[in-house]
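Colleague: Residue numbers (the UniProt record's numbering), protein chains in the order written: chain A, 1 to 590; chain B, 1 to 86.
Source of the hints: derived by calculation from the structure; they are not laboratory data.
Bear in mind the structure is a predicted one, so any value in this text is a computation, not a measurement.
Mixed in with the good hints there might be a few duds.
[What the hints assert, rightly or not] Think about it this way: if two alpha-carbon atoms lie no more than 20 Å apart in a straight line, the pair counts; the simulated SDA-like pairs of lysine to any residue are:
#1 67/B with 176/A
#2 301/A with 76/B
#3 279/A with 56/B
#4 301/A with 4/B
#5 427/A with 63/A
#6 301/A with 64/B
#7 301/A with 28/B
#8 301/A with 5/B
#9 304/A with 69/B
#10 304/A with 64/B
#11 67/B with 144/A
#12 301/A with 55/B
#13 301/A with 62/B
#14 542/A with 275/A
#15 67/B with 542/A
#16 304/A with 60/B
#17 304/A with 30/B
#18 67/B with 181/A
#19 542/A with 520/A
#20 301/A with 30/B
#21 67/B with 297/A
#22 67/B with 180/A
#23 67/B with 177/A
#24 67/B with 302/A
#25 301/A with 27/B
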Amino acid sequence: MNGAQHILEAFHRHQIDTVFGYPGGCIMPLYDALVDSVGIEHVLCRHEQGCALAADGYARASGRLGVCIATSGPGATNLITGVANAHRDSIPMLVITGQVPSALIGTDAFQETDVLGMALGIVKHSYLVTDPAELPAIMEEAIHLAQDGRPGPVWVDIPKDILLTDIPPTAMAPITPVATAPCAIDEALALLSEARRPLLYSGGGVSLAGAEQAFRQFADQAGIPSVVTLKGIGNHSRHDPYHLGMLGMHGSRGANLAVDACDLLMVVGARLDDRATGKLDGFAPNARVIHIDADAAEFNKLRKADIALNGDLGSLMQAFTQATSGTPLAIGDWQQQCQEWRATKGFPAADNDEPEAPISGPAFVRQLSRITGDDTVIACDVGQHQMWVAQHYRFAHPRHHLTSGGLGTMGFGLPAAIGAQFACRGKTVINVSGDGSFMMNAQELATIRRYRLPVKLIIMDNQCLGMVRQQQELFYGNRESQINLDDNPDFVAMARAFDIPAISIQRSDQIRRGIETILAYDGPMLLHVAIARQDNVWPIVKPGASNGDMLDEHTQRHQNMSAGQTPTEHPTSSASSAQAPKRNAKENAA
Amino acid sequence: MSQPDQHRIYCEMNPEPAAIERLCQVIRVRGFEVTGMNAELRDGTWEMALTLKGSRPVAMLQSQLEKLHTVNRVHRMPAVAAAQRA
Ligand SMILES: Cc1ncc(C[n+]2csc(CCOP(=O)(O)OP(=O)(O)O)c2C)c(N)n1
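This is chain A alone, in the form it adopts within the complex (with noise of 0.2 Å):
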């Protein structure tokens, strides 16, 4: 068995069946190993970004292990922004490339570049290969590695001699995870029976750590009001009546002032990112904080935890749930509290009944939300598209929302939904994109026609990069600086050109109609959908700000009103709400 044999034989192992990937030189001997394999499923994307995006939404969808393989040089250059996607967002990946062999190592070699050192910073754990006999070793410690405690990419870059090279067949026992010992609750179960106005906050480490059961359990059993970050959103029971949605930047004002009022803060699987958490000084200035996560770096990084419980979140979430069973918390009047903020102090969003207006995005993600099943995933963009489902769709489930959150990587919608449609075959995969971050990756409908994938595709067309736009508007006097795309392809056109059937609507009374048509169409289908260039995502912090310091639209009009400015003005362009994108207006739904 070569080592390419090897590589493929440790797939078998671990029950790798789906990879993505793209030949070249150096990765050629694992591809010959293909030609021959059984029961793996090699995706073939048309950019390597694509490549590890995909097994980034495949992971997330799934929680398994997402694969990606590429040649050495610009085949591993190629995957970096994907990589580093991953490792932003805690995923779990393996990352294979073949390297020029051995002996041309250093020597300046053709498609050779430092991939071990360029990759450094953005992996959990990365390999250079240079003994054959280490390889069975190496993958099975990679494959761990990538899925145990935190998640994260791990990269394995092997030279192509080592991949030809013959290795006996080495018997490999699995790697057994460490078991954490059980951590005491207790003083955090004492915190929680003092605290008034305890709140939960959670992030995406409750999916990662598969504990959404059981924190929910915890979560509906004690009543604590809570809030979620981006990579949260999904965590909480759609009715459960204390949660307040999220947090931070774009988060709900409801959200922000909890966090604000709290006595206690009972952190679970987040780290407490900037873009949660605003101005550091000015965050929960009254709680205490019981930290609970499954990397122990994250304790104190930020914010000082009280109480800091390192560990398997579900084992603790169980713990917890135990504990407090029969002994309800005395936070009655603190729950009714957030219950009011919770009716009035939400993400607003006024449906235009007006058959004619002009469609706005807002609008558009609750209707979209109110027309999917349950089991919907959602593979969002980067931009005010992506903070619009975030705030306005419904998730059931956490692993129904794919969203980059820690690199906030324009482009990861597209492949990702490819992923996600791999790892769900049975499943409606959206993806909603923005028209800028769609042309990021859109050689990506090739892989969607070559394998006939149902994703359905939803471009929010506001003509410009409109979460740049945005901050150009409020933070930098409204002075516009390259964000126009009115030049904008014909995304009808183009998505036809990959055989896949296009519709676009640009009126409130064609949604609905709209949605339905790709949802109901049996494969792959696009809807194009023209939307004000000037809506902006409400409400807002100032980068850098207090969460207490919330911008939304009334604030902002009174701003402006007193700087003498209409609401509506733009200093370089003369488009209007009323006004549709230029382009794809021809066709419509209805």
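Dock chain B with the ligand against chain A, hints included.
Modeller: Same frame as chain A, now just chain B with the ligand:
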């Protein structure tokens, strides 16, 4: 900004490719500067004594270094007293 403090840490690592680079990169990214380094490969283990400068809490750096797969042990040694440094 506060005056950077001097810290001394001792570290044991497996001699994998890029082990030292990885360690140094984490030190830099987490806000510290290496001002002294003594490293020796003994019985298949890198033994490293490092003097660092930085104004962030060194315990934070320690927990980041302990996460590295190649690192087996990180030990903080008594900080260099200001008088000694002068
Ligand atoms: C790869 C990458 N480049 C640049 C950015 C900075 N950025 C964040 S949001 C955004 C605009 C996104 O535009 P679009 O996809 O059209 O979405 P919209 O905000 O209009 O909904 C940009 C440029 C980024 N996050 N990722």
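Colleague: Now look at each hint and say whether the structure bears it out.
Modeller: Structure-based check of all given hints:
1. 67/B with 176/A: Measuring from Cα to Cα gives roughly 18 Å; hence the hint holds.
2. 301/A with 76/B: The given pair, whose Cα atoms are some 18 Å apart, holds under the 20 Å limit.
3. 279/A with 56/B: This hinted pair holds, its Cα atoms lying about 18 Å apart.
4. 301/A with 4/B: Within the cut-off at roughly 18 Å; holds.
5. 427/A with 63/A: holds, 15 Å
6. 301/A with 64/B: holds, 10 Å
7. 301/A with 28/B: holds, 16 Å
8. 301/A with 5/B: holds, 18 Å
9. 304/A with 69/B: violated, 26 Å
10. 304/A with 64/B: holds, 16 Å
11. 67/B with 144/A: holds, 15 Å
12. 301/A with 55/B: At roughly 14 Å apart (the allowed maximum being 20 Å), residue 55/B and residue 301/A satisfy the hint.
13. 301/A with 62/B: holds, 11 Å
14. 542/A with 275/A: Since the Cα atoms of residue 542/A and residue 275/A sit roughly 10 Å apart, the hinted pair holds (cutoff 20 Å).
15. 67/B with 542/A: violated, 33 Å
16. 304/A with 60/B: holds, 11 Å
17. 304/A with 30/B: Holds - the C-alpha atoms of residue 30/B and residue 304/A are around 17 Å apart, at most 20 Å.
18. 67/B with 181/A: Cα-Cα ~18 Å, so holds.
19. 542/A with 520/A: This hinted pair is violated, its Cα atoms lying about 41 Å apart.
20. 301/A with 30/B: holds, 11 Å
21. 67/B with 297/A: Between residue 67/B and residue 297/A the Cα gap is close to 8 Å, so the pair holds against 20 Å.
22. 67/B with 180/A: holds, 15 Å
23. 67/B with 177/A: OK: residue 67/B and residue 177/A at ~15 Å, within 20 Å.
24. 67/B with 302/A: holds, 17 Å
25. 301/A with 27/B: Holds, at about 15 Å.
Hint check: violations occur at hints 9, 15, 19; the rest are consistent with the structure.
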